[in-house]
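Asks: Here is how the chains run, residue by residue.
Protein chains: 2
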Amino acid sequence: MKRLFLILIVSLIFFSSHAEDGYRLWLRYDKINNPVKLESYQKLITDFIIDGESPTLLLARKELEAGLKGLLEQDITHASNKETASLMLTKFSSPRIKQLKLNINPDHISAEGFSIVTTTVNKNKSIMIVAHSDVGLLYGTFHFLKLIQTQSDIDNISFETSPKIKHRILNHWDNLDRTVERGYAGFSLWDWHKLPDYIDPRYHDYARANASIGINGTVLTNVNANAQILTEQYLEKVAALANIFRPYGIKVYLTARFSAPVEIGKLTTADPLDTEVRQWWKNKIDEIYQHVPDFGGFVVKANSEGQPGPQNYKRNHADGANMLAEALAPHNGIVMWRAFVYDNEVPIDRVKQAQNEFKPLDGSFKSNVLVQVKNGPLDFQPREPFHPLFGAMPKTPLIMEFQITQEYLGFATHLVYLAPLFKECLDSDTYTKGKGSTVSKVIDGSLDNHTLTGIAGVANIGNDRNWTGHIFGQSNWYAFGRLAWDHQLTSEQIAEEWIRMTLSNEASIVDKLKKMMMGSREIAVQYMTPLGLHHIMGWNHHYGPGPWIKDKPRADWTSVYYHQAEQNGIGFNRTTTGSNALEQYSKPVQEIYGSLEKCPEEFLLWFHHVKWDHKMKSGRTLWDELCLKYYQGADSVRWMKNEWNSLQGKIDEERFNHVNGFLNIQHKEALLWRNSCVLYFQTFSKKEIPEGLEKPDKPLAYYEALEFPFAPGIKPRW
Amino acid sequence: MKRLFLILIVSLIFFSSHAEDGYRLWLRYDKINNPVKLESYQKLITDFIIDGESPTLLLARKELEAGLKGLLEQDITHASNKETASLMLTKFSSPRIKQLKLNINPDHISAEGFSIVTTTVNKNKSIMIVAHSDVGLLYGTFHFLKLIQTQSDIDNISFETSPKIKHRILNHWDNLDRTVERGYAGFSLWDWHKLPDYIDPRYHDYARANASIGINGTVLTNVNANAQILTEQYLEKVAALANIFRPYGIKVYLTARFSAPVEIGKLTTADPLDTEVRQWWKNKIDEIYQHVPDFGGFVVKANSEGQPGPQNYKRNHADGANMLAEALAPHNGIVMWRAFVYDNEVPIDRVKQAQNEFKPLDGSFKSNVLVQVKNGPLDFQPREPFHPLFGAMPKTPLIMEFQITQEYLGFATHLVYLAPLFKECLDSDTYTKGKGSTVSKVIDGSLDNHTLTGIAGVANIGNDRNWTGHIFGQSNWYAFGRLAWDHQLTSEQIAEEWIRMTLSNEASIVDKLKKMMMGSREIAVQYMTPLGLHHIMGWNHHYGPGPWIKDKPRADWTSVYYHQAEQNGIGFNRTTTGSNALEQYSKPVQEIYGSLEKCPEEFLLWFHHVKWDHKMKSGRTLWDELCLKYYQGADSVRWMKNEWNSLQGKIDEERFNHVNGFLNIQHKEALLWRNSCVLYFQTFSKKEIPEGLEKPDKPLAYYEALEFPFAPGIKPRW
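Quick mapping for you: the protein sequence lines, in order, are chains W and E.
First residue of the first sequence? That's 349 in this note's numbering, and the numbers climb one at a time after it.
First residue of the second sequence? That's 349 in this note's numbering, and the numbers climb one at a time after it.
Among the hints, a few may not be true.
Here are the simulated distance ranges between beta carbons [stated by the list, open to error]:
(1) Glu635(E) x Glu653(W): 52 to 60 Å
(2) Glu1052(E) x Ser442(W): 55 to 63 Å
(3) Pro383(E) x Arg376(W): 33 to 41 Å
(4) Pro1057(E) x Glu653(W): 17 to 25 Å
(5) Glu1055(W) x Thr466(E): 57 to 65 Å
According to the in silico footprint, chain W covers these stretches of chain E (three or more CB under 8 Å from chain W) [what the hints assert, rightly or not]:
(6) 539-545
(7) 1006-1014
Pulled a few chain E residues facing chain W out of the computed Cβ check, cut under 8 Å [unchecked claim]:
(8) Asp525
(9) Gly534
(10) Asn572
(11) Ala575
(12) Gln576
(13) Tyr661
(14) Pro1060
Honestly, the hints are just simulated from the structure, not real lab data.
Heads up, the beta-carbon is just placed ideally off N, CA and C, and yes, glycines get one too.
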């Protein structure tokens, strides 16, 4: 019977031909299911005009044709020979704009921005999408279609927007053999072997999805770089991708392996002050631009985790970055030099190194260099305080590096909506120029008057049919793009847009899903690393709990280094009595975090070593609170499961089953986290699990013995 | 303009939503486009009955419902409450059959076979699908749907069929990290990390496709095995897959790493005669059957290419195989012990080793052991003579191992239809029991009276959306399944079925594509390894030409070992004056191949070292003939390109472009092969390229310098 039932389900799935396999992302364009709205849209939009011709405008036209046809189920024609139409795309510089007197100031709109306004032409209402550039019009097209997808009111639009940040970039940690470091959605989209001759249609869909959310750059290769990508053979392949991405407004970037002059250039050194080395890079960069005339530039990971760098030659990061920047400058290329560094000597506190190495270099970088800084000082944990470099290098533009892929957040199977994590960092106040000196103001250049600005997200995209492994992982790609464009958007706004475009426009469903998404990151923190705990994941692969990890090649690759649990207490003392990493922040921040009383409890064990019986704000002891958090986290995953289950029949079966299956895994793994961590920390606290909480069903030894030798996302090691 | 044109093409592709991305394989069920045929089918098939209930029969029902609805565009109902219907599926044992007097002898149909006959019930015509088993009915269902898909006449059917071979198995060389050894269609379908909790809907589609062509077994893991697959953790994952595959009639098999008792069992030896080792395997196998009650058994690669085996303990292959067979026998499991062996000492002629090691063991294997023999004595070359073990071990059932994935045949981008290669081997006469002792009779058990029979194909399937990388690669999966069922089918028949189901039923298109497919294997032989040349591919990855490969860790891993080119001539002398590998064949075969005159020229350089000025049947010298073959091969790829191009507009744009792109790559690479090999062999022959043939556009050094460090299909080596 059970088998028969299984088969029944199965058959239902497989005969659906996987129409709802998630491939369409948020660009579905299914018919508007609200008849009133549908009719009003149908009346309003009957034809359109695009002034001008270009590959990018052709994309806008095709998008409008396909989008409106799908959404409105009527053919909307491109009225090229008509004088006006119900929808018109044109540039500020066009004769059409000179005739109309629109209430938009072109100077308020940047090169990539756009305006959408309702106006009256010959007594007929027209919606105008206006921009300075073709890509601005493409962005406006996607925005307009979104208004309809989300069933917004479009009767009288008056909207303008420009990106707050110039370079909005995905970082792909993709290797040339198509494995993806920290990738959990299958393997690399880039089928290097078949390039440049064979163009997978999916490359276009990738670019289109990015364009729809304003992403304008993509770094094709892993920061742990391979110099082969810079050879002629591979540059031809890179050029093929760049040609596809160009009309979508997307520039291609590569990672530069610092030792490339030795590895593929036959030089004996990669010393950045060596004349031959500098000439080699200049030639190489000129060669790249012959293949890709609008090549964006390099991301460089140097002198970090074994990667070569200028320090190998007793030079500093600025020496390295400037050498590349100088050769890129004539072509308008940029260097994004990563601040995520740690050298071969194990430090007292690893989180201090970036600031120690980079702050002294402030002011010594060329003008086309950005220093790329992770959101937090450690490494993409479920929660970290903001990185102290933000605000600390006013003379240097800093580019934010977020991680969209869930390296430390349950891989692809955990539903964790990351916008709140991104926002928490962006909204953090560095106080470096007084109150209100938020990280976002550092990043968008407004705090220190930089015009070169950037934000990077480590992509969660692979060749899985649904792109991101988890369908909800798509929301993180989406949210990154939206926040990169406008960091003042709220997480709720973005979630709502995404839900409406991707899953449902029905208010009760939108509300339910929004609550799930908005809660999901805090839930993950609770079942993984509550109260400021960090980096206690499984060794190397970072999958599942591993608070017991110790005795590894480096102390700062172990968990015990970070949680510092012992019989009296737990937590990493980063105050003046400890590593004093705190001193890297501005005084007001030090005062908050440095005080056991004022420190927000979510960061407590990040900054303080705290006694097990420390009284928390709740009145509970630290031990009891810690246990409670773990149990709350796991319980909340059950809540998410129930919420999702209540949508059965309201979401198509294929996506319902997909998410349901993943939530089952998430719940199982949340229990694994809870039981492992509570039992492990109990060996130090020697205290009972608080009353009323169910006891773990297995002893600690069981959890410690679990091994996951083929967890995805790491380079296979033979 | 060029860019604009590119974009135009692009847009056309991406707005089609990839309906024709190849995912549907040959099970498309699009509406019959011939109105006359359509009407006759619609009249004939209005309802159906399936007697009985089971997961497998439910699949048959769903397949009929979806298939007939798609093909005939009318709802065909399952008439469960009616006495008769226009289509009825029932078993020979059913009351219904006892009533009807059908002209079928149940004894002629084997357990998996089926019969389809038109009969008259109550004066109404009915088509009956009759079998002994549920899976027989499922196979009959697919066959019946195929008749309609291929627009066959179904007015009066009288058809019966039973598989000639019992075990029809795919071998997946899939690693637990999802890389696939010699896989060119992306990565492994098996997402081990998410199993057993998450069931990718694609697992069902995989099983369904296999069932549609009669494949009844799948080996999930690489023959270069990892013992982890035998741990509890992984057996749960294996069980999840087995549960999905079971209703489709597909058994799951694994590869057994011989040293598993040491690696995961904590024993100090894996000696097959050691009591503890034997007990360990017995326990392990009992454990497997607790997870998978119908587990099929093991494939073992032992003492070959560094894999451990019984010889490590001075035991022989029979000792190893029998130990496993004994433990599997109570559960009806089998062992497929591979004869592809070579040890650490480099032999005079590697092709001799399998026979040297295995022939003496004939008669010493347990009754549930098959020895798995590759089609040829070397390693899946574009052309090899049949393996001399066929016919040489009459007391031992041999299972054929074909390679469907194109390791030595251009990877996924070359259009090479492999049925002619498979058939060439199956139809070869071993003469071991007189004329007519074909390889197929060895394999199907009829020559030596074996009832345990098998055929294995190394799968070309990966997670590429179209399953096999190249859409035409699907035809090789299809052809393997069809020949495994019935090796007497012709390559043309199979090609025609596949074309009609997959691409078109229009006669002129069918003819054109059939000619291309039928010619394609010979064309590949010509531009790669004409006249009996072999194993001159690029080193390790086997991509592209590498006739110059020498000085590698083993002589038999080089090309010069195999082609033996020198100033006087070329070819491997395997006659009595050379390695005498020829002696491994029966006398009549020796007489043919051993004679420079009688030896078919397609095997000439396989068996003989031949002078450059040797006069060929054409009257040309060997050198001229060799050049001509290379040029003919490359020219013929251009011919294929032109043939395909003539179909533009007749094949949907997405698949047209896909194949067109791949043919461009194939042509480029055929020229690479031609130029490399002709220039390289010219350094020995010192003769001119015959008049009228265009000269290679680059010097030999250029071709020799090409490197492909990330060619797919090999384990990455860090």
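Asks: Now look at each hint and say whether the structure bears it out.
Replies: Evaluated hints:
1. Glu635(E) x Glu653(W): 52 to 60 Å: 40 Å, violated
2. Glu1052(E) x Ser442(W): 55 to 63 Å: 57 Å, holds
3. Pro383(E) x Arg376(W): 33 to 41 Å: 35 Å, holds
4. Pro1057(E) x Glu653(W): 17 to 25 Å: 22 Å, holds
5. Glu1055(W) x Thr466(E): 57 to 65 Å: 60 Å, holds
6. 539-545: Satisfied; 4 residues make the cut.
7. 1006-1014: That given contact holds, which follows from 4 residues of the segment 1006-1014 of chain E lying within Cβ reach (below 8 Å) of chain W.
8. Asp525: Check passed: Cβ of aspartate 525(E) comes within 5 Å of chain W, closer than 8 Å.
9. Gly534: It holds, given that the least Cβ distance between glycine 534(E) and chain W is near 6 Å, below 8 Å.
10. Asn572: 11 Å, violated
11. Ala575: 11 Å, violated
12. Gln576: This hint holds: glutamine 576(E) lies near chain W, its Cβ roughly 6 Å from the closest one there, short of 8 Å.
13. Tyr661: Status violated, d = 25 Å.
14. Pro1060: 5 Å, holds
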